[in-house]
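Engineer: Protein chains in written order, with numbering that gives the first Met the number 0: chain A, 0 to 289; chain B, 0 to 169; chain C, 0 to 427.
Hints listed in this document are in silico derivations from the structure and should not be mistaken for laboratory results. It is possible that part of the hints are untrue.
Label pairs and their in silico Cβ distance ranges [said to hold, decoys possible]:
| hint | chain 1 | residue 1 | chain 2 | residue 2 | range |
| --- | --- | --- | --- | --- | --- |
| 1 | B | A21 | A | S194 | 55 to 61 angstroms |
| 2 | C | L24 | B | H134 | 38 to 44 angstroms |
| 3 | C | L261 | B | P150 | 53 to 59 angstroms |
Using 20 angstroms as the maximum straight-line C-alpha spacing, the simulated DMTMM-like pairs for lysine to aspartate or glutamate come out as follows [to be verified]:
| hint | chain 1 | residue 1 | chain 2 | residue 2 |
| --- | --- | --- | --- | --- |
| 4 | A | K128 | C | D399 |
| 5 | A | K180 | C | D275 |
| 6 | A | K91 | B | D10 |
| 7 | B | K67 | B | D50 |
| 8 | B | K42 | A | E80 |
| 9 | A | K91 | B | D50 |
| 10 | B | K42 | A | E105 |
| 11 | C | K326 | C | E388 |
| 12 | A | K150 | C | D269 |
| 13 | A | K254 | B | D10 |
| 14 | B | K123 | B | D80 |
| 15 | A | K128 | C | D275 |
| 16 | A | K150 | C | D263 |
| 17 | A | K147 | C | D399 |
| 18 | B | K67 | A | E88 |
| 19 | A | K236 | B | D80 |
| 20 | B | K67 | A | D101 |
| 21 | C | K227 | C | D399 |
| 22 | A | K188 | C | D70 |
| 23 | A | K147 | C | E281 |
| 24 | B | K58 | A | E105 |
Virtual Cβ for every residue (Gly too), placed ideally from N, Cα, C.
Listed below, chain by chain, are the residues.
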Amino acid sequence: MLVRLNNIFGKIFFIIFISGIGNLAYSGENNVEFIKNDWSFKGVFGTFDRASLQRGYQVYQEVCSGCHSAQYLSYRNLSEEGGPEFTLEEAKAIAAQFEITDGPNEDGEMFTRGGRLSDKFVSPFSNVKAATASNGGAYPPDMSVLVKARKGGADYIYSLLMGYEDAPAGYDLEDGVYYNKYMPGHKIKMAEPISDGAVEYADGTETTKAQMARDVTTFLVWAADPHLEARHKMGFKVFFYLIILLTLVYLSKQKVWSRFGSEVEEKEEAFDKFERTVTEYEGEDPKTFK
Amino acid sequence: MSKKTQPKRRDFLFTATYTIGAVGLATAIWPLVDQMNPDSSVKALSTTEVDVSSIERGKTITVLWRGKPIFIRRRTKQEIDEATSVDLSSLKDPEKDSDRAKNPEWLVMVGVCTHLGCVPLGNKGEYKAWFCPCHGSHYDTSGRIRKGPAPKNLEIPKYEFVDSNTIKIG
Amino acid sequence: MSEEKYIPNSKLAEWFDSRLPLLSLSHHLRSYPTPKNLNYWWTFGGILTFCLITQIVTGVILAMHYVAHTDLAFQSIEHIMRDVNYGWLMRYVHSNGASMFFLAVYIHIFRGLYFGSYKAPREMIWITGLIIYLLMMATAFMGYVLPWGQMSFWGATVITNLFSAIPFIGDSVTGWLWGGFSVDNPTLNRFYSLHYFLPFLIFGLVVLHIWSLHVPGNNNPVGIEVKKNSNETMPFHPYMVMKDLFALLTFLLIFFGFVFFLPDFLGHPDNYIPADPLVTPEHIVPEWYLLPFYAILRAIPSKLGGVIFMFASIFVLAVLPWLDTSKVRSATFRPIYRKFFWVLVVMVILLGYLGAKPPEGVYLILARIATTYYFIHFLILLPLLGRYEKTDPLPMSISDPVLDKPGALDKFKEMAGKYEGENVSTFK
Numbered sequence: 000m001l002v003r004l005n006n007i008f009g010k011i012f013f014i015i016f017i018s019g020i021g022n023l024a025y026s027g028e029n030n031v032e033f034i035k036n037d038w039s040f041k042g043v044f045g046t047f048d049r050a051s052l053q054r055g056y057q058v059y060q061e062v063c064s065g066c067h068s069a070q071y072l073s074y075r076n077l078s079e080e081g082g083p084e085f086t087l088e089e090a091k092a093i094a095a096q097f098e099i100t101d102g103p104n105e106d107g108e109m110f111t112r113g114g115r116l117s118d119k120f121v122s123p124f125s126n127v128k129a130a131t132a133s134n135g136g137a138y139p140p141d142m143s144v145l146v147k148a149r150k151g152g153a154d155y156i157y158s159l160l161m162g163y164e165d166a167p168a169g170y171d172l173e174d175g176v177y178y179n180k181y182m183p184g185h186k187i188k189m190a191e192p193i194s195d196g197a198v199e200y201a202d203g204t205e206t207t208k209a210q211m212a213r214d215v216t217t218f219l220v221w222a223a224d225p226h227l228e229a230r231h232k233m234g235f236k237v238f239f240y241l242i243i244l245l246t247l248v249y250l251s252k253q254k255v256w257s258r259f260g261s262e263v264e265e266k267e268e269a270f271d272k273f274e275r276t277v278t279e280y281e282g283e284d285p286k287t288f289k
Numbered sequence: 000m001s002k003k004t005q006p007k008r009r010d011f012l013f014t015a016t017y018t019i020g021a022v023g024l025a026t027a028i029w030p031l032v033d034q035m036n037p038d039s040s041v042k043a044l045s046t047t048e049v050d051v052s053s054i055e056r057g058k059t060i061t062v063l064w065r066g067k068p069i070f071i072r073r074r075t076k077q078e079i080d081e082a083t084s085v086d087l088s089s090l091k092d093p094e095k096d097s098d099r100a101k102n103p104e105w106l107v108m109v110g111v112c113t114h115l116g117c118v119p120l121g122n123k124g125e126y127k128a129w130f131c132p133c134h135g136s137h138y139d140t141s142g143r144i145r146k147g148p149a150p151k152n153l154e155i156p157k158y159e160f161v162d163s164n165t166i167k168i169g
Numbered sequence: 000m001s002e003e004k005y006i007p008n009s010k011l012a013e014w015f016d017s018r019l020p021l022l023s024l025s026h027h028l029r030s031y032p033t034p035k036n037l038n039y040w041w042t043f044g045g046i047l048t049f050c051l052i053t054q055i056v057t058g059v060i061l062a063m064h065y066v067a068h069t070d071l072a073f074q075s076i077e078h079i080m081r082d083v084n085y086g087w088l089m090r091y092v093h094s095n096g097a098s099m100f101f102l103a104v105y106i107h108i109f110r111g112l113y114f115g116s117y118k119a120p121r122e123m124i125w126i127t128g129l130i131i132y133l134l135m136m137a138t139a140f141m142g143y144v145l146p147w148g149q150m151s152f153w154g155a156t157v158i159t160n161l162f163s164a165i166p167f168i169g170d171s172v173t174g175w176l177w178g179g180f181s182v183d184n185p186t187l188n189r190f191y192s193l194h195y196f197l198p199f200l201i202f203g204l205v206v207l208h209i210w211s212l213h214v215p216g217n218n219n220p221v222g223i224e225v226k227k228n229s230n231e232t233m234p235f236h237p238y239m240v241m242k243d244l245f246a247l248l249t250f251l252l253i254f255f256g257f258v259f260f261l262p263d264f265l266g267h268p269d270n271y272i273p274a275d276p277l278v279t280p281e282h283i284v285p286e287w288y289l290l291p292f293y294a295i296l297r298a299i300p301s302k303l304g305g306v307i308f309m310f311a312s313i314f315v316l317a318v319l320p321w322l323d324t325s326k327v328r329s330a331t332f333r334p335i336y337r338k339f340f341w342v343l344v345v346m347v348i349l350l351g352y353l354g355a356k357p358p359e360g361v362y363l364i365l366a367r368i369a370t371t372y373y374f375i376h377f378l379i380l381l382p383l384l385g386r387y388e389k390t391d392p393l394p395m396s397i398s399d400p401v402l403d404k405p406g407a408l409d410k411f412k413e414m415a416g417k418y419e420g421e422n423v424s425t426f427k
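All chains should be modelled from the sequences, with the hints used to inform the complete structure.
Structural biologist: Here it is as structure tokens:
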């Protein structure tokens, strides 16, 4: 079936290339390896830890949302399947806490009202320029798809949150710039956002920095990929089905192809018989035929 | 190898393959069809809440619900009396006013003419209620068709008062 | 096995077919004589047809929800991913489908290179194929712009800026492409329109591609023409249909592996950052399937030179049937060509790797070496090999692949000896 790879260089190079790609995903720009975590959502059968998602939402809300928007999330997402799965009432209550600008009303004016499930997450700033100006000229990126927008994904986000360190000796840091081991270029304008006890968890889990980093990362992974669980479930079913169908098609194909030899043999036999019949008469005077 | 031997076993393989294949195809087609159904952001807007506290008696506001206009009118006593004293047998589409407006002070209707879909004009027409200029349908103070080609009364959507100032529609 | 004429099996069939011969066409496609010795490298044509249809179906569906405006494009795709029923599935099938389309097309092209499928009388299949490939690249390039991420915007900027290298008219052409002074909303809109349109052009060309194939018939691994009315061919249905189906399902395992478990692996994280004309990403890279051309483009020190060489790399393929002068078709019997073929494969993969690296230092040197080899391969090596290569002896027919196989020569002698010196009229 396969054409022989008779060029040995081709084989070696191919192997190096393939393993090279794999490596690229797991290290940062500076080739610093990220902190490893056994995320529940990783892997073919990955799912989200609901409690972690709920805690992560709390961390986002109380810590991050002061500067970072999540404009593609809707409050109703908090109660939908595959996410933190707050109850409908809890999600409504969360939404109601926020002031949404709506309008214009009958007088042509904009007004504010309490948030509803159908509303998108409220942004801390009205536009990108306002956000940038309020944060020392660095735009706090929107977090809706942040995990997908960074090489290393969840591992990168987690490592960054845990990666604040004292700068090495002689490192020049301006005011408002901090040293982070995992930030490409090592300089980040965000001060360390979480530290032990920054938030008090509703479910009473201990709020170490690592715990909060884990939870908010999990939340952000869901925020970027809310259908992850449905995707994995469907993928599993699709593969299961394909393997079955593949087997059946393969067996059918073998059966169909086995017929070819036999058909041909039949035809060859018939042709041989015809040939024999013809040659019997070769060289004889047709006038003597009976 | 004769074609006639063991037809049953060979047929079963092919039948099984076709069947499993067809099931897969049907399952694969469903998402292609379902993606055109209302998406979750549209479904989330299937209800709307309206603050009616600023509507005076005898005034109507129009709000948008599911892309359609909704007339919310706070009726005057005279309008209510007119609506409740109509002889039902004279109506093209007989309906009691109390079935249409549970709280008679408030009339909530879909502002789409039941003839061909134009938006009727308020405070117009022979019944001093609604008149559709497209083909001349006249509706009364209960939104019932009285004259003209429209076959049915203006539709009453599902709604409820969540509190004394707010109506939730849908 | 010969191709018999279609006989309508009902009056209705006869009435219809005599006016619009679709039933005859269907009969032809089913009974089309295909060489019996085709290997699995021949299944990629069917796979490619599946890919084209998949892209069109998912594309038309996505177009129902996507908005081609710079303010709304990125958001509309998030809307598709989050709110539209199965929107995430449509999007991921479409984006990974593009990668799979190109994976299949590269295997398909290299199959052609190895087995000499481009040689006479099949030049038109090769040329229509190249036009399809060009249209695929244009379509994919424009499609990638639509999400309006950082890579969308900056990739579009880099590639459209290339046209300014054209002498005299370059800036006008670029401004014409942009519809403005830079990549912006007009550009996005027209790319959307063209991205929707080109696949139907591709479809038409695929019809021509298959038609021009059916005239001479398929090539085969041995590279020797088969006798059409013999046991060397088999009707396309059911034999090749079943084989193609099996190959397609295997291909789907890889395709869906990406869609369901690694949906963003082949993409670039920067494209999840909304486009910002004021911030250039550190490394602007196209999607993987365009990397080899990107490497060639950046290997040449001059802007215009890079553009010329990039287009030349495809043009050189177009004249390949005339560059390769060998009388032997298949690499199976061309031991030296075979080795250079694999060198070419390695060089192209190397170019792909280098396309993702910054064009400096050792990367640049390697890119120049690989580019040089690429052109030498087609322009110098192949014409020379055609003249000087000592090819292996060809078999008599596809059923006897190797004359050196034990017993093959004896069999041949036996066949020949039967008739040697005898009077034809005395045959028994």
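Engineer: Need the list of violated hint numbers for this structure, in ascending order.
Structural biologist: 2, 4, 5, 6, 10, 17, 18, 19, 22
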